[in-house]
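For this one, chain A is given, so just place chain B on it according to the hints.
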Amino acid sequence: MRILVVDDDALAGEMTAAVLEGLGHEPLLAENGVEAMEKLAAETAIEMVISDLNMPLVSGIDLFREMRAQGINLPFILLTGDDPEGPRQQEPKLDACLLKDFSLEESLPEIIAEVLARHDG
Amino acid sequence: MNDRPSSVRNKIAQLRATFVEQLPGRLSDARCHFDAAKANPNDREAAASLHRFLHSIKGTGNSFGFKDLGAAAAQGEHLAGKLLENPVSVTPEFWLDLNECLSNMALCIEVLQDFGAAPSQGDRTATFEMPLDAGAVQEESNDKLIYVCEDESLQAEHLGEQLRCFGYQAVLFNNTEDFRRAVLEEQPAAAIMDIMFPEGDSAGANVLIDLRNNHGKLFPTVFISGRRDFNARLRAIRAGGEAYFPKPVKAMDLVVTLDLLTRQSEPEPFRVLVVDDEPEIAQYHSLILENAGMATQVVHDPECVLDVVGEFRPDLVLMDMYMPKCSGREAAKLIRQIPDFVGLPIVFLSSETDTKKQFSAMTVGAEGFLTKPIQPEDLVTEVALRAERMRTLRALMARDSLTGLFNHTTTTQLLENSLTAARRQDGQLSFAMIDLDRFKAVNDTYGHPTGDQVLLALARVLQQRLRNSDLVGRYGGEEFAVILNDASLEKAKQIMEHLREDFSKVVFNVGDAKFSCTFSCGVASFPHAGDAENIREAADKALYQAKHAGRNRVVAYE
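Which chain is which? The protein sequence lines are A and B, in order.
In terms of my numbering, the first sequence opens at residue 97 and continues consecutively.
In terms of my numbering, the second sequence opens at residue 4 and continues consecutively.
Only chain A is shown next, with the shape it has when bound in the complex (with noise of 0.2 Å):
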């Protein structure tokens, strides 16, 4: 599956890329929800985004929002460093709110699946 990753931390991206990988899926890097946006409008094959939340410029509840403001529906996993209790309650229509820590390689693929379900039930 590909995935639209975005991260202004070049590192930690390519760091959620490698975990991805090593589940089977292609991952697309985007370094800032401007960029994310111009990979969604140009790339059709995407069927997941994953973000970070704390970004400058564009936060990731802002990239959601203006994902769904203009009718992309795809499932999205919101990143962060913080409590993710937080976003969760600010944005509650997001599919999921994840902790980056160093579980990421076990939580990921286990949100990945749920949020598929979910989705396509």
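It should be emphasised that the hints constitute simulated quantities derived from the structure, not laboratory data.
Please note that a few of the clues may not be correct.
What the hints assert, rightly or not - List of simulated lysine to any residue pairs, SDA-like, C-alpha gap at most 25 Å:
1) B:K544 with B:N420
2) B:K85 with A:G182
3) B:K220 with B:A246
4) B:K147 with B:L459
5) B:K14 with A:E181
6) B:K85 with A:R184
7) B:K85 with A:P152
8) B:K14 with A:A106
9) B:K494 with B:D515
10) B:K14 with A:A209
11) B:K147 with B:E391
12) B:K14 with A:D197
13) B:K517 with A:L119
14) B:K41 with A:P152
15) B:K550 with B:G450
Relative to the frame of chain A, chain B by itself:
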């Protein structure tokens, strides 16, 4: 789809390494923002840059599993957030706090660079899997319980893994509260404790002070810390720390310290040999030392010194300088001629006050020179100090540096001691010699680091599966020896058969390749074979037979 998990792990390892590599540069940029913001708290751009930096390090640091660094950055992020919100409100203390956060981060970065950011399993390093179904040969093996409290989970796991190889049962905690609760439930034989935790800069020391003062829980503790400064060490000592290791910690050093700290029985009394031609003086000195809890033996005739040294195995010799038949100098020289006693401390006792003559005594390798008459408490202090140092040195010298097992010399010595005990108690004893099969091929095919992994794995199997009373040594390159106290030839053969089977099930992974190793073993027993040399030769012959019969088998010398 075409990426294997191992290549992903490799990639993550590379990303971690890159991240750590970039940290010092990024931190120095942050320092510039800090200085700019401090000079002008209304410099929004500097404050925002600093905040973004701290936030990013927190997130990415945690993503890579660097919790200490993440925690320090989180604290800084919180402070920088305040600065962004309300630049007018900041006080001089604020800058001190923020500065400390950056300093803590610098320390964490230093540790990460020392420790190496790569996770423990690289692609080329051999790892091994132990078969889970292989139970202990002896159920009674009761490993000493060690609590490891360290919030950097990767480091803790690495340490725990190593300690387990050396026969310690390591239980890991990543925060002080869990540790506290566990101690109240079951007290460990010793603890290994980090100092700095997210819950406080000296949370590690504080929890121990609390356990001691409020719950009467006292156990030996070794502190490990990324901090090398005096204050951190001082706090550790005040909390009752027995030892302090700056990170990165070498597992071998830690094991030697733990061995000393967790000796189950009371430490054996120091053994002192008193050599003096005047019986009254010898008795007098020996009495003083025995009153201080030491074991002594007295020799009046220097001719007997060598025999007694061999039998009594003293930690130290207290020798009179002037004796009729041969002088103390000569007696010391005699002792030193025997390789086993080269390191034995000899302290001269004499009324000689001429420093020139004292100096000449030192040239034959005397540890010290005491002048008669000596105050009893001075004698005790001088002797205890040197005997203690000798013991520590011996513990370090007694072990093989790769496997942590007893080395050749020590193993030989232990065999002799065990034989003496068996003879005295009319008991039995078995001795097994082990040699890895086709070990050279392993080194040639996979390289020496992999060969070392095989040696470590065998050492681990032997230690884990044997009884506490059994002694395991590395006899030479790929040769190991086991002393099975109080075991008949039949019983010993049976035990070694189990071990042989267990070890042959260990799977070694190098890159994509997998292989297994086997060993051959020869067993001999007392009283069947008489002295140490005898029993060793017999075991060696049996080992030779095992090799010639096709390897991977245990042969008993009948």
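Unmet hints by their number, sorted upward, for this structure: Going through the list in order, the structure violates hints 5, 9 and respects the others.
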